[in-house]
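Residue numbers (my numbering), protein chains in the order written: chain H, 1 to 368; chain L, 1 to 368; chain B, 1 to 325; chain W, 1 to 325.
If you're looking for bench data, these hints aren't it; they were derived computationally from the structure.
Hints are not guaranteed to be accurate.
Below are the DSSO-like pairs computed for lysine-lysine, each with C-alpha atoms no more than 30 Å apart in a straight line [stated by the list, open to error]:
| no. | chain 1 | residue 1 | chain 2 | residue 2 |
| --- | --- | --- | --- | --- |
| 1 | L | K244 | H | K10 |
| 2 | H | K345 | W | K244 |
| 3 | L | K244 | L | K258 |
| 4 | H | K301 | H | K10 |
| 5 | B | K324 | W | K314 |
| 6 | B | K324 | W | K253 |
| 7 | H | K244 | L | K10 |
| 8 | B | K188 | L | K151 |
| 9 | L | K367 | W | K314 |
| 10 | H | K368 | B | K225 |
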Amino acid sequence: MFKDYNPSDKKTFQVMNEEGKIVNKQHMPEITPERLLKAYKDMLFARTADLMTVSYQRQGRIYTYPPNYGQEAIAGAAGAIMRDQDWMVPAFREMGAMLAKGVTLKELFLYFMGNEEGSNFKNAKNVLPISVPIASQYVHATGIGYSIKYKKENSVVYAFVGDGGTSEGDFHEAVNFAGVWRVPVIFIIQNNQYGISTPVKVQTASESLAIKSIAYGVKGIRVDGNDFLAMYKALRESADICSKGEGPVLIEAVTYRKGAHTTSDDPTKYRTKEEEESWDIKDPLKRLKSYLIKEKLWSEKMEEELLPQYKQEIDRQFVEAENFGEYKAEDVFMHHYAETPDDLKEQLSQYNRFLQWRETRIKNEAKK
Amino acid sequence: MFKDYNPSDKKTFQVMNEEGKIVNKQHMPEITPERLLKAYKDMLFARTADLMTVSYQRQGRIYTYPPNYGQEAIAGAAGAIMRDQDWMVPAFREMGAMLAKGVTLKELFLYFMGNEEGSNFKNAKNVLPISVPIASQYVHATGIGYSIKYKKENSVVYAFVGDGGTSEGDFHEAVNFAGVWRVPVIFIIQNNQYGISTPVKVQTASESLAIKSIAYGVKGIRVDGNDFLAMYKALRESADICSKGEGPVLIEAVTYRKGAHTTSDDPTKYRTKEEEESWDIKDPLKRLKSYLIKEKLWSEKMEEELLPQYKQEIDRQFVEAENFGEYKAEDVFMHHYAETPDDLKEQLSQYNRFLQWRETRIKNEAKK
Amino acid sequence: MKIMNMVNALNDALDIKLADDKSVVVYGEDVGVEGGVFRVTEGLQQKYGVERVFDSPLAESGIVGSAVGMAVSGLRPVVEMQFCGFIYPAFNQIISHASRMRNRSRGKYETPIVIRMPYGGGINALEHHSESMESIFGHIPGLKVVVPSTPHDAKGMMISAIESNDTILFMEPKRIYRAIKQEVQEGKYTIPLGKANVLSPGSDVTVVAYGAMVREVQRAMVMAKEQGISVELIDLRSIYPIDKETIAKSVKKTGRVITVTEGPRTYGVASEISQIAVEEAFLHLEAPPARVTGFDTIVPLPKGEYHYMQDPYKILYEIERIVKY
Amino acid sequence: MKIMNMVNALNDALDIKLADDKSVVVYGEDVGVEGGVFRVTEGLQQKYGVERVFDSPLAESGIVGSAVGMAVSGLRPVVEMQFCGFIYPAFNQIISHASRMRNRSRGKYETPIVIRMPYGGGINALEHHSESMESIFGHIPGLKVVVPSTPHDAKGMMISAIESNDTILFMEPKRIYRAIKQEVQEGKYTIPLGKANVLSPGSDVTVVAYGAMVREVQRAMVMAKEQGISVELIDLRSIYPIDKETIAKSVKKTGRVITVTEGPRTYGVASEISQIAVEEAFLHLEAPPARVTGFDTIVPLPKGEYHYMQDPYKILYEIERIVKY
Ligand SMILES: Cc1ncc(C[n+]2csc(CCOP(=O)(O)OP(=O)(O)O)c2C)c(N)n1
Ligand SMILES: Cc1ncc(C[n+]2csc(CCOP(=O)(O)OP(=O)(O)O)c2C)c(N)n1
Ligand SMILES: [Mg+2]
Ligand SMILES: [Mg+2]
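Please put together the full structure from these sequences, using the hints given.
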């Protein structure tokens with residue numbers, strides 16, 4: 001497959017077309033109907049959660065949030081493939097994959113409510129927290145890859161970045177180190193066409209993002225990132241390559257950010273309605289759903305029945321997050337070092353003395 | 001030429017073989033015999049100066065110095081092509097090119113004697129000072145390229161980096177920005193096989209360094225960097241490409257650092273005598289000399305007559321640098337800002353008061 | 001005169017200098033079409049074209065490094081770091097080149113660059129969006145670091161910064177980007193960089209602050225006044241160079257000084273102001289120079305940020321303490 | 001006991017921990033075959049193999065960033081920055097990740113990383129090879145910054161650093177890499193990080209120093225003693241956290257304090273020590289806390305470096321001044 005879709009040939013790997021028809025039988029992934037259905041449902045859950053998160057934000061119940069809308073097939077396929085022992089190194093737009101790895105929605109909500117506890121993924125193995133400084137997480141993936149190789153473990157690292165992120169020096173250093181060290185890392189570029197308002201053509205004059213793999217002597221491929229089957233197949237093969245010690249692999253997943261960059265962003269400033277609509281027909285969920293319906297694995301009715309359950313579950317977790325409890329002064333000071341230095345402890349005591357003073361003072365003010 | 005030597009084809013552009021025979025007539029550059037002879041003499045001067053600098057260092061008359069030995073054809077060809085209005089953005093191993101741009105040996109000596117005045121190139125136009133932080137200068141080149149394009153000037157930027165430097169994030173950002181901005185910059189990678197003790201295969205798994213051009217959508221070529229004619233031709237064509245607004249260009253110049261990394265380095269720790277000898281026959285000066293002698297433009301005798309003159313001139317400039325004069329306290333404080341802030345002035349006064357005190361004290365001590 | 005907030009005032013300054021001087025170019029992430037995530041560069045690309053106001057690739061080292069190249073070759077780049085937490089990839093270019101090129105070349109080259117950057121907390125932002133690490137930058141020889149606290153100052157200081165031949169880190173207190181409106185002079189005017197501003201004279205204690213902290217101090221002063229404490233408020237305006245003279249004069253008068261900053265405590269700006277106070281006014285001091293600063297912790301995410309941030313009460317607490325000392 | 005210089009002692013510490021703990025890996029530019037440009041890692045690749053001691057590509061962000069990844073997944077990387085001036089490309093990884101991962105994940109992940117780095121002047125090196133910017137790193141929450149001043153301390157502190165679960169910037173005073181030889185205990189021992197060391201008790205003035213400056217102070221002390229001035233010398237050892245207790249105790253006793261550092265003056269370590277002195281011992285102070293530091297300038301190239309560097313006379317000058325105050 002990597003031979004057939006050499007990035008120098010400017011081809012984009014697709015299995016299913018925009019109507020959900022298999023157009024590339026040869027590369028149809030092996031996947032059981034049950035697994036496929038589960039993947040669809042997970043994507044549906046993630047999309048529902050994502051859309052609800054945006055409305056929670058509108059209600060002022062969480063802070064800034066980066067929507068995943070339109071990009072779910074990438075995280076969905078990764079989520080369907082990653083095993084417990086595999087590592088996930090997220091950027092910040094891969095909700096579905098994080099959920100698949102065992103991160104809970106409650107945790108993610110807590111994070112977007114502005115609480116670090118939301119990144120203390122209690123039941124998820126081997127998932128790093130969301131990384132805000134663009135592309136900086138990519139070098140971590142390379143390091144984890146080194147650990148795996150060093151300890152001769154049977155794991156693979158799934159690392160995420162955006163198209164904008166490919167411009168950062170860390171993107172270069174990460175993939176280059178990984179190429180030299182031959183570590184089992186799948187570098188996934190989510191090319192959603194924009195970095196905030198900046199179109200990908202302002203990021204690079206490169207013919208594609210996949211072709212950058214050549215600069216590092218690693219395998220690369222350009223995939224239709226809205227085609228779940230193609231993403232699944234590409235990741236599956238990449239994982240095999242990594243497991244054989246022939247990694248790393250660089251995947252450009254071509255997609256579109258249908259929503260705003262974050263809830264603070266207004267895309268009408270920099271892109272047209274026509275452009276947005278042209279991507280509507282490529283929607284990753286619609287496509288997989290058409291396929292599943294054709295295969296009689298799914299129906300509109302089943303979806304209608306499922307959605308309310310999902311919404312209820314999502315809301316339940318949201319409310320749980322809202323009731324998480326207060327952020328104490330101690331919480332500011334802990335977890336900076338294995339053992340909190342005396343001076344930090346003293347700063348906390350000072351602060352507590354101040355809090356007491358303020359309480360008294362405000363009480364006295366109120367009395368007047 | 002760039003088509004014939006597409007970096008994907010793994011070819012290395014050569015015009016003259018190791019015996020100084022033209023093996024690629026088709027791509028023989030247009031260059032007058034006089035120009036060619038001058039270039040050879042400049043390279044000879046640079047090599048002589050370089051070797052003498054190493055021995056000045058051994059005599060303890062300068063500090064750490066990075067020898068150019070073996071790499072002279074790259075700087076020589078750039079030196080032969082750069083015009084006054086062109087910019088040179090050096091790394092630290094391009095003596096010949098700096099001299100060609102009008103930097104004096106005296107200045108370079110002064111610099112390696114540890115005086116910033118050595119980077120205040122009095123008669124040289126558009127040459128940046130030596131840049132020590134690896135690859136950091138590459139982004140400057142891109143910015144200068146932007147200026148040139150913005151002001152619609154007829155200039156080209158010649159930027160230098162080593163093979164090791166291609167691993168740094170700044171290499172990536174520089175060439176990538178330049179690709180997007182379409183600026184007239186020739187990025188020259190001097191692949192001398194090592195970054196200190198680290199061989200190029202530890203730097204990258206990329207098939208070549210030239211092929212990295214693909215990642216930025218810019219033209220690239222791999223050139224025999226010990227072949228003056230090939231370097232001259234590649235740079236000439238690159239300059240034309242830049243002048244037509246079709247730059248940037250990335251050139252990998254394959255060469256070998258025949259000397260130590262710096263005068264503090266001992267290459268026997270990390271490479272073999274055999275390897276070193278295998279590069280002796282590729283020596284850039286030997287090759288061009290063989291060609292010139294065959295063409296009856298040069299003779300051993302002429303060289304023997306010239307060398308003592310060169311040595312004398314080099315020594316004259318060295319002694320001038322040695323006699324440059326003392327480094328005054330004021331010199332430490334000046335040139336930090338357009339106008340020296342009060343506090344810096346005060347620090348200087350304080351220091352002067354201390355100097356006086358110390359003088360008195362030492363005098364008194366001596367009296368005892 | 002025109003009523004402006006700080007965003008308007010900065011935009012106005014950029015507009016004036018772009019009109020004034022063809023060598024000024026403005027670029028960075030999303031500063032073109034989008035007009036910057038805080039809209040400081042809004043409308044400028046439309047007015048001056050994509051060659052002068054443009055989006056760069058997403059790479060801070062590339063942005064500052066290319067600005068160094070532009071500056072040595074005759075342009076005056078004004079570049080934006082999108083948030084305070086994202087300047088670090090450019091750290092090497094700032095400390096190794098932008099602040100050194102003049103000295104390294106003994107004056108042959110200079111780097112008139114303005115690096116603009118919103119900084120500071122209080123807006124419930126994501127991680128890395130709320131930091132105040134100005135003392136790190138103030139420690140870099142060859143760099144100037146300035147912070148305005150009002151729309152009027154922002155405009156005048158930005159014009160000075162663009163006209164300066166030095167590299168200037170221009171830190172914009174994003175918490176008060178739109179919170180303070182005031183009458184701002186139209187057209188061009190400059191405010192010298194490096195001079196502090198005595199905002200209100202007082203006799204009991206000197207409070208040194210800058211950026212968004214000035215407003216917090218002003219609020220604390222209202223409460224202090226009720227208790228009969230007279231505060232002299234100095235807006236530092238320049239983190240480096242520091243206007244020692246103004247500080248020394250004030251501390252000699254009041255005998256007491258508190259510095260209010262947002263950044264971490266240890267090795268922060270406050271310690272330097274205290275050092276200046278002891279060096280310049282030791283015999284006048286009636287209490288140890290004090291500080292109201294962030295903790296030596298990472299700025300907490302929004303739910304915990306209020307613990308970390310300075311507010312009028314924290315300042316008042318310290319004012320009362322020092323006056324009673 | 002074995003006579004060792006600091007290079008030997010550090011090499012010994014690495015050797016011991018590599019033997020001790022399979023999760024320790026050592027990498028960086030030229031640390032493998034070459035054994036490091038200062039030979040601190042000499043022989044270790046031969047002994048432990050290329051998987052545990054190896055050369056990396058030339059990219060500091062990649063080095064520290066990959067170390068973050070290794071550390072969260074169970075290794076204990078010890079990485080080298082070849083010189084103090086070349087740590088800056090890694091600045092973002094240090095401030096945004098290595099020092100934050102534990103807090104960000106509320107303790108789920110930790111990053112036991114040692115970043116080794118030769119620093120400081122006095123060896124007639126090229127530009128960027130002589131800097132001492134420790135206060136910048138000391139200002140980063142979540143990071144520890146330590147500096148040994150003797151072979152004995154270097155070994156014990158390095159072993160502690162490798163065994164610590166925190167990220168530690170281990171600054172090595174290259175000026176005294178080989179200049180001081182002393183008897184060093186064989187085998188494993190540790191020195192707690194964060195504790196200062198009272199090197200010699202005294203009564204007239206406290207001098208706080210660290211790294212290569214300790215030796216300069218000791219030389220100044222010989223001259224001071226001749227004049228009957230008794231100096232208490234504290235080796236700070238840890239730039240962050242600071243051992244306030246030891247400093248406070250000493251200053252309360254002597255009433256005077258001078259801090260000697262190599263870095264630029266403004267926002268340097270000395271100002272923080274002075275702040276501690278005024279906060280903890282104001283009423284004991286008989287003179288303003290003073291500082292002997294680098295200028296607020298770029299470290300000059302070798303010909304001018306002697307102006308910038310601290311030497312016994314500069315220290316003595318200040319000792320005399322403060323005692324007479
Ligand atoms: C180092 C750094 N610089 C700037 C930012 C501000 N920022 C946040 S998201 C973003 C755009 C990212 O674009 P891309 O990589 O394509 O990812 P996407 O948001 O499209 O998923 C920018 C510039 C940042 N977070 N980190
Ligand atoms: C950012 C940075 N890191 C490390 C160094 C130390 N150093 C000086 S030269 C060198 C190797 C450079 O190799 P290469 O780029 O191949 O250039 P060459 O010396 O071979 O000409 C290194 C690591 C440096 N100068 N800058
Ligand atoms: Mg994007
Ligand atoms: Mg090299």
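Hint by hint, here is what the structure shows:
{"no.": "1", "hint": "L:K244 to H:K10", "verdict": "holds, 27 Å"}
{"no.": "2", "hint": "H:K345 to W:K244", "verdict": "holds, 13 Å"}
{"no.": "3", "hint": "L:K244 to L:K258", "verdict": "violated, 37 Å"}
{"no.": "4", "hint": "H:K301 to H:K10", "verdict": "violated, 40 Å"}
{"no.": "5", "hint": "B:K324 to W:K314", "verdict": "violated, 39 Å"}
{"no.": "6", "hint": "B:K324 to W:K253", "verdict": "holds, 25 Å"}
{"no.": "7", "hint": "H:K244 to L:K10", "verdict": "holds, 27 Å"}
{"no.": "8", "hint": "B:K188 to L:K151", "verdict": "holds, 26 Å"}
{"no.": "9", "hint": "L:K367 to W:K314", "verdict": "holds, 21 Å"}
{"no.": "10", "hint": "H:K368 to B:K225", "verdict": "holds, 17 Å"}
Checked against the numbered hints listed earlier, the structure breaks hints 3, 4 and 5; every other hint is satisfied.
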